[in-house]
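Protein sequence lines correspond, in order, to chains A and B. Residue numbering for the first sequence follows the working numbering, beginning at 22 and increasing consecutively. Residue numbering for the second sequence follows the working numbering, beginning at 3 and increasing consecutively.
Among these hints, one or two may not hold up.
[Unchecked claim] One-sided excerpt, in silico: chain A residues whose CB lies under 10 Å from chain B:
no., residue
1, Leu-31
2, Asn-63
3, Leu-94
[Stated by the list, open to error] Negatives, chain A to chain B, calculated, CB over 12 Å:
no., residue
4, Ala-46
5, Glu-48
6, Ser-51
7, Glu-53
8, Leu-54
FYI, nobody ran anything at the bench for these hints, they're computed from the structure. Every residue gets a Cβ at the ideal spot worked out from N, C-alpha and C, and that includes glycine.
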Amino acid sequence: MADNVPEDLLEKAAIMREFGRRRAAGEPVSDELYVKHVNATNDNYSTGPESGQRIADFVLPDQKGILRSLDNLIGPNGLFLVFHRSAEW
Amino acid sequence: MLEKNGVRITAVSYDSQKVLQDFADTHGIRFPLLSDHDSTVIRTFGIFNSNMAPGLRSYGVPHPVEYLVAPDGIVIRKYFVANYQHRVTASAVALREFGTVGERAPVVTLQSGALTVEIGLSDAKAFAGQEIGLFAKFKLEPGWHVYGTPLPAEYTATSITFDDPKIIRQSFELPETRPMEIAAPGETLPVYRGSFQGVGSLLLMFPLDAGETLLLGRLNFQQCSDAVCEAPQTIRFELPLTLEPFMVAPRKKQQPKS
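The shape of chain A in the complex, shown without the other chains (with noise of 0.2 Å):
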């Protein structure tokens, strides 16, 4: 855990809301506050399956509601598969 980030789920979300309501209205971000909303956004850094290990398979749908697999996303030479926060905001 870095320092400073607060155990409390609440507390978290305040620093958070802090800083996206000023970025939202182009108010100055602190310093501070920057890293404190950094270090509450990725606390407990997970990044799960090592090099050497299989991935999990799954079926999930694309943006045009085809339902996809690992099967057929994976080109001849391999996958370069991204996990993302979002495309809305």
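Guided by the hints, dock chain B onto chain A, whose structure is given.
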């Protein structure tokens, strides 16, 4: 560049299919954007971000991770930086994994004495917070060498560094050196001869203003032949990079109140 190397790209988020469809249409994205709307797959991968309180719009997001997966489903390498605003570019991955760069990627050629070096980036364009790739192709005339590490203090090793506040983390690695005997019997120095290449990475800070910019770097080396050793040199260089504006999804249309 990944797709030219037979590697397909897929992105996963907790967004609804509708959000992903709008995003793909707006930005002309053709590769699959998968909707893990209840974060089931995100949890299965063990990357659910448990810092988000239920009720926040960010509840359900993953810790950002990128996996390069082999055709048999085994993870070859994973890329992550511990800040959700940072991401490794696909071209940087293609450079590291396959040694390929795009035709438009910026390159500068430096020449001094017996040494010619092409230094370039994996990408011509990047977003603030992205990690881009760096490469350098060295070529020495026959009979000449430059130094690697570890090295006694009186010699200068070959290195590339960037003194640029836009870059918050950097790396540059050269291949294994060859030992070369020096005057004292049994003593050797690590050297490079002929042609060799190095690769590295540059993590851009976030946020940065969009527009054209230059990344300012330095090549340090000392070239010697079997007969003469020149003084250490520093050559400064610039690589152009276009910083893209922060990508914002289209605003939702206001729904008429019923």
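Results for each hint:
1. Leu-31: holds, 6 Å
2. Asn-63: holds, 5 Å
3. Leu-94: holds, 5 Å
4. Ala-46: holds, 16 Å
5. Glu-48: The claim stands: A/Glu-48 keeps its Cβ more than 12 Å from every Cβ of chain B (closest is about 14 Å).
6. Ser-51: Per Cβ check, A/Ser-51 is outside 12 Å of chain B; nearest 15 Å; holds.
7. Glu-53: holds, 16 Å
8. Leu-54: Non-interface label on A/Leu-54 holds, nearest chain B Cβ at 14 Å vs cutoff 12 Å.
The earlier numbered hints are all upheld by this structure, with none contradicted.
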